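Using the supplied hints, reconstruct the complex from the two chains, each of which is provided in its own coordinate frame.
Protein chains in written order, with the working numbering: chain A, 6 to 365; chain B, 36 to 164.
Calculated from the structure, these hints are not laboratory results.
Quick caveat, the model's predicted, so the values are computed rather than measured.
All C-beta atoms in this analysis are idealised placements derived from N, C-alpha and C, irrespective of residue type, glycine included.
Possibly wrong hints are sitting among the right ones.
Calculated cross-link-like contacts (lysine to any residue; reagent style SDA-like; alpha-carbon spacing at most 20 Å) [what the hints assert, rightly or not]: (1) A:LYS327 x B:TRP136; (2) B:LYS107 x A:ASP79; (3) A:LYS327 x B:PHE70; (4) B:LYS128 x A:ALA68; (5) B:LYS159 x A:MET177; (6) B:LYS159 x A:ASP79.
Listing some non-contacts, in silico: residues in chain B with all C-beta distances to chain A over 12 Å [to be verified]: (7) GLY51; (8) ALA57; (9) SER82; (10) SER95.
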Amino acid sequence: MLFDKYAQACRGASLESVKDHNMAVPVSQMYTVASYVLTQKMRRVRRYPLVLMLEPLFRCNLACAGCGKIQYPDHILDKRLTPEQCWAAADECGAPMVSIPGGEPLIHPEMPEIIRGLIERRKYIYLCTNAILLERKLDEYAPSKYLTFSVHMDGLQEEHDHAVCRDGVYDMAVKAIQAALKRGFRVTTNTTLFDDANPARVRTFFDAMMKLGVEGMMISPGYSYQKAPDQKNFLKRSRTHQLFARILGDRKRTWRFNQSPLFLDFLMGKREYQCTPWGNPTYNIFGWQKPCYLLQEGYVPTFQELLETTNWDGYGTGRNDKCEDCMVHCGYEPSAVSDTFGSWSGFGRTVKMTLMPNGR
Amino acid sequence: MTTPHHFPSDSDSLEGRVFRPATHAELVEAVEQAFDYRGDVSLQLTSGQTVEGYVSNRESHAARPSLQIFPKGESGLRLIRYADVEAISFTGKDTASGKSWEAWVTKKEAQRRAEAEEASNAAKARGHL
Numbered sequence: 006m007l008f009d010k011y012a013q014a015c016r017g018a019s020l021e022s023v024k025d026h027n028m029a030v031p032v033s034q035m036y037t038v039a040s041y042v043l044t045q046k047m048r049r050v051r052r053y054p055l056v057l058m059l060e061p062l063f064r065c066n067l068a069c070a071g072c073g074k075i076q077y078p079d080h081i082l083d084k085r086l087t088p089e090q091c092w093a094a095a096d097e098c099g100a101p102m103v104s105i106p107g108g109e110p111l112i113h114p115e116m117p118e119i120i121r122g123l124i125e126r127r128k129y130i131y132l133c134t135n136a137i138l139l140e141r142k143l144d145e146y147a148p149s150k151y152l153t154f155s156v157h158m159d160g161l162q163e164e165h166d167h168a169v170c171r172d173g174v175y176d177m178a179v180k181a182i183q184a185a186l187k188r189g190f191r192v193t194t195n196t197t198l199f200d201d202a203n204p205a206r207v208r209t210f211f212d213a214m215m216k217l218g219v220e221g222m223m224i225s226p227g228y229s230y231q232k233a234p235d236q237k238n239f240l241k242r243s244r245t246h247q248l249f250a251r252i253l254g255d256r257k258r259t260w261r262f263n264q265s266p267l268f269l270d271f272l273m274g275k276r277e278y279q280c281t282p283w284g285n286p287t288y289n290i291f292g293w294q295k296p297c298y299l300l301q302e303g304y305v306p307t308f309q310e311l312l313e314t315t316n317w318d319g320y321g322t323g324r325n326d327k328c329e330d331c332m333v334h335c336g337y338e339p340s341a342v343s344d345t346f347g348s349w350s351g352f353g354r355t356v357k358m359t360l361m362p363n364g365r
Numbered sequence: 036m037t038t039p040h041h042f043p044s045d046s047d048s049l050e051g052r053v054f055r056p057a058t059h060a061e062l063v064e065a066v067e068q069a070f071d072y073r074g075d076v077s078l079q080l081t082s083g084q085t086v087e088g089y090v091s092n093r094e095s096h097a098a099r100p101s102l103q104i105f106p107k108g109e110s111g112l113r114l115i116r117y118a119d120v121e122a123i124s125f126t127g128k129d130t131a132s133g134k135s136w137e138a139w140v141t142k143k144e145a146q147r148r149a150e151a152e153e154a155s156n157a158a159k160a161r162g163h164l
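This is chain B alone, in the form it adopts within the complex (with noise of 0.2 Å):
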């Protein structure tokens, strides 16, 4: 089926940004940031713990506005209101980062069948191959 080709740029990565916001709107544009991110964010929750996984869904607009996250090693979704959030620090990688196929045009060529490679391999390992 159809690929969509819709990243970034390269350069726009947030990967090891952290964002502690002062206001509501700051936070609600902080949470939609970690909503577009592809890898996972760390919450630093007003509680003092924090929960580090992939932001799968948000509702910002609703009477208590709150977040869904799959916490990395559970099996399960976790909702998060955004009262609770303190700071999102985008601590894991950028799985998108370095993935557009104008990025992928531009690598040499030994770059190229280096990645091929490592992915490759990376499927080989699961018994995808």
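Looking at chain A on its own, in the form it has when it is part of the complex (with noise of 0.2 Å):
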């Protein structure tokens, strides 16, 4: 009787969301990402996963300075994840939504074949890429509310090249995501922000995306750790929320997250969450990674092991060193989402912070 309410609560809000807002995620997501949570917590489920970080390669056509995904002897960076892997990965964790990073996962030879398997399984897909190939393999694909290209974008055209490390790759982005969005495919932004961001060049690119017809954007603060923690370290976490309070405050309503508004909150220091490692499980060419997508302490053949295995009270902030600063989304928008349904209280912050960005 819950469920129902959540959820017939939740379709509500969203359709009228749709209609009055122009809602970033479609409705049949949210419903589908709301029955899976509710279902979890109804169960008792104590750890589920929500989206699966599928690395089918760690080869890119880019070298981004500080990259920590693509550093590989060769022999490592040809090795791929089998179409067979990558779906047997997504129906052992039973996440309802599959991001796929890398690495440059257009590269793969047989990522068409890939997605088709995981629409198949009715997986909601973020397809992350630079986009230097999208729009020669947009032929390779077909429109569909299971995938959305999200594109790599650090910012305007002289950020977003200086941070890719290329000339000229901004341009190509964008000239790949309005082909996409001519074609009808769905099409999100994903942006990583330093200390170094000017918060007013990040609301102007926010702007462009929105211009471009984007159908939402993510954001999320770069994650730098240090075995040592120290002073100069913790002022980090302050930091990343001074600057996403400059980015985010007094959001324009043009402005579309596919995000939860209250990791949002999260990021600019309103709201306190500790990590969910768990919540994003990462699967590559090495295994089942402990503990989570930025940590590498190991790797385990299934998923039940990475679950069962893990020491996850010894992961997140105040309970680890490498976690101190962390506040990235693969730990703390599962935690936002978890916020959202575990109480009525919570869906409903959520559903104000949909419809009043701003309000308090």
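Structure representation (structure tokens):
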């Protein structure tokens, strides 16, 4: 009964939101996620995955400075997950959403087949791409409510090209986004922001992406951990709060974010959450990564083993030096989603924040 | 998606180092270093054999501690027991060394452009651009 009430409330709110506020996420996706989370809560499942982070390869066609995902010997970069391995991971994990980062997924020759199999499984897929190959590869995919191209955009032209260490990439991405939208694909952007981000420029960037017509935007703070915490590191968290408060304060109603509004509140320092490291489990050529997308402390062959053998209480803010300043979406957005569906008050806050992003 | 920036400082690279552990604790530590290393290592085994490859995982707390290595030039994964490891040499290039954002920012523009060009040419050669 409680499930039905929640689901109906969510569905009703979403429909209303779509009509009035041009929501970033389709109703069917919201309903699927809401139903899934509520089912877990009804069954009193303490740890459940929300988004499978599927890394089918580490090879990329960019070499962004500081990227910790692509620095491997060539024979490792040449390895790829097969479609069957990708589908098995999705089946085993059971999360309703699959994010495909990398490396650059569009390099994978079997990516269209992988996507087709995931769509057959009714997974909502975010294919994360730098969009260099996107326009050229669009013919290999069919528009679907289940498939979203999530284009990596770290800011306006100057900032983005600087971040990816290559001139011209911003323009290529914009052109690819336009082509994908014209063909009816779902397109979002994903943006990583660091301490040196200029809030005014980021706001202008949001305007530019909305003008392009993307469905929504995803943002997350970049994260740098040091083994030995020091005062400087502790300040980083407060600097993140300040940065996002300046970026997201007095939010324009034209901006649409493909994220939980409570997570955005968290980034602004208006809400505290503990990390949910099992929320976005990572699977790649090495296996299931312990404990999360960012920390590589080992691998296990099955998702069940990941859940059962990871010392989850050893991770998160205040529990582990490596996690001290982390506010990244892969750990904290599942916490925000759990908050939304954990109580009526959480649900109410989410609806309120969705309808009135600047309200308190 | 989010780009993680978690590197040891560039001067910490183990490239070229050789570890000949005298105790089990030293061996455990050496394997940990090999696991964290973003390049190939060469394992000298007690059998006299040498295996070169990328250490992708390790089980130091298992009853029979072992590591997993992707041998260079082979498609499969190989399991090697700690007890069979005599020495670990960091023979492969440390692919993370000098690749931090901080290092990139401090480089001169010409060097940045040269590195970007090199990466671009490598991607083009593979047909990825």
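### Query
Beyond 12 Å from chain A, beta-carbon-wise, is SER95 of chain B?
Violated: least Cβ distance 9 Å, not greater than 12 Å.
### Task
Hey, is GLY51 of chain B genuinely clear of chain A, shortest beta carbon separation above 12 Å?
15 Å, holds
### Given pair status - TRP136 of chain B, LYS327 of chain A, alpha carbons within 20 Å
Distance of about 18 Å is within 20 Å: holds.
### Query
Between LYS107 of chain B and ASP79 of chain A, is the straight-line Cα distance small enough, at 20 Å or below?
Holds: LYS107 of chain B and ASP79 of chain A sit about 9 Å apart, inside 20 Å.
### Task
Would you mind confirming whether the straight-line C-alpha gap from LYS159 of chain B to ASP79 of chain A stays at or under 20 Å?
Distance ~15 Å between LYS159 of chain B and ASP79 of chain A Cα, so the pair holds.
### Task
Take the C-alpha atoms of LYS128 of chain B and ALA68 of chain A, compute the straight-line distance between them, and say whether it is at most 20 Å.
Holds. LYS128 of chain B to ALA68 of chain A sits at ~16 Å (cutoff 20 Å).
### Query
Non-interface claim for SER82 of chain B: all C-beta distances to chain A beyond 12 Å?
It holds; SER82 of chain B is separated from chain A by about 23 Å at its closest Cβ, greater than 12 Å.
### Check on ALA57 of chain B being off the interface with chain A, judged by Cβ distance over 12 Å
Non-interface label on ALA57 of chain B holds, nearest chain A Cβ at 25 Å vs cutoff 12 Å.
### Task
Compare the distance between the alpha carbons of LYS327 of chain A and PHE70 of chain B with 20 Å, and conclude whether the hinted pair is satisfied.
With Cα atoms ~17 Å apart, LYS327 of chain A and PHE70 of chain B stay inside 20 Å; holds.
### Query
Is LYS159 of chain B close enough to MET177 of chain A, meaning Cα to Cα at most 20 Å?
Holds, at about 16 Å.
Hint 10 from the list above is the single one not met by this structure.
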